[in-house]
Amino acid sequence: MDIRGIDHIELYVGDARQAAFYFSTAVGFEICGQGGPETGLAGQRSLLLCHGDIRLLLTSGLSAEHPASRYVQRHGDGIGVVAVEVDDVPAAYAELVGRGATGVTPPTTRTGADAEVVTAEVDGFADVRHRLVQRRGEGSEFLPGAITAAASTTDGHPPVLAEIDHLAVCVPPGQLDETVRHFEALFDFAQIFEEHIEVDGQGMNSKVVQSPSGRVTVVLLEPDRNRRPGQIDAFLDQ
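Residues in the sequence shown are numbered consecutively from 1, following the working numbering.
Hint data in this document are derived by calculation from the structure and do not stem from the laboratory. Note that the structure is a prediction, hence the values are computed from the model and not measured. Think of the CB as a built atom: it goes at the ideal place given N, C-alpha and C, for glycine as much as any other residue. One should not assume that every hint holds.
Label-pair distances were calculated between CB atoms; the ranges are [stated by the list, open to error]:
1. Ala94 to Ser213: 36 to 42 Å
2. Leu236 to Glu184: 20 to 26 Å
3. Leu62 to Ala185: 35 to 41 Å
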């Protein structure tokens, strides 16, 4: 399976509009779409932010039972879905389930005026899901019928950020190799780098895995509990 790139990242947040204000004013993103119950997204409010080739979908649950609400209750604001590009969503979904992944949402097709988007989801690590995305047609619609485009507010300046370079995943002690095997077995990623890092008495082990295309890179970090607790330990504990 060759994943072609990161299509978007969905963050589950307590207040989508407040989070969008931060990303817009502090980082330079612009709101380029929105969706909610009025567009068929039951129980949620979502804002699509764009900057360069980066797309962030900020989603807040409107009820305590919504996955975004449950995620925020457990973790606070954070990444809930990593969405990746594939050539054939139904085939990729079937392949992942056949390899042991837990299917969450089977392939679903949304069609717009000049674009068609196919998506599916499987469980990932911890409470993060993997979303498969396949785009057809010449249209620029993000998710036809569910996310409506917003008028551009860009000031004409070139973007400061170009793309998502990599994802960083912190895992509990003893789970680094298991997580590497997860990416290798399910997604055909390959380990391309490893190192042990020590800084000011703190220590961590790191391994890097990458898709065959080279377009998706994941840095995996595991704290070394033989050293003084550091930021990885604090992140996991909190």
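Right, here's what the structure says about each hint:
| no. | hint | result |
| --- | --- | --- |
| 1 | Ala94 to Ser213: 36 to 42 Å | violated, 20 Å |
| 2 | Leu236 to Glu184: 20 to 26 Å | holds, 23 Å |
| 3 | Leu62 to Ala185: 35 to 41 Å | holds, 37 Å |
The structure fails to meet hint 1 from the earlier list, while all remaining hints are met.
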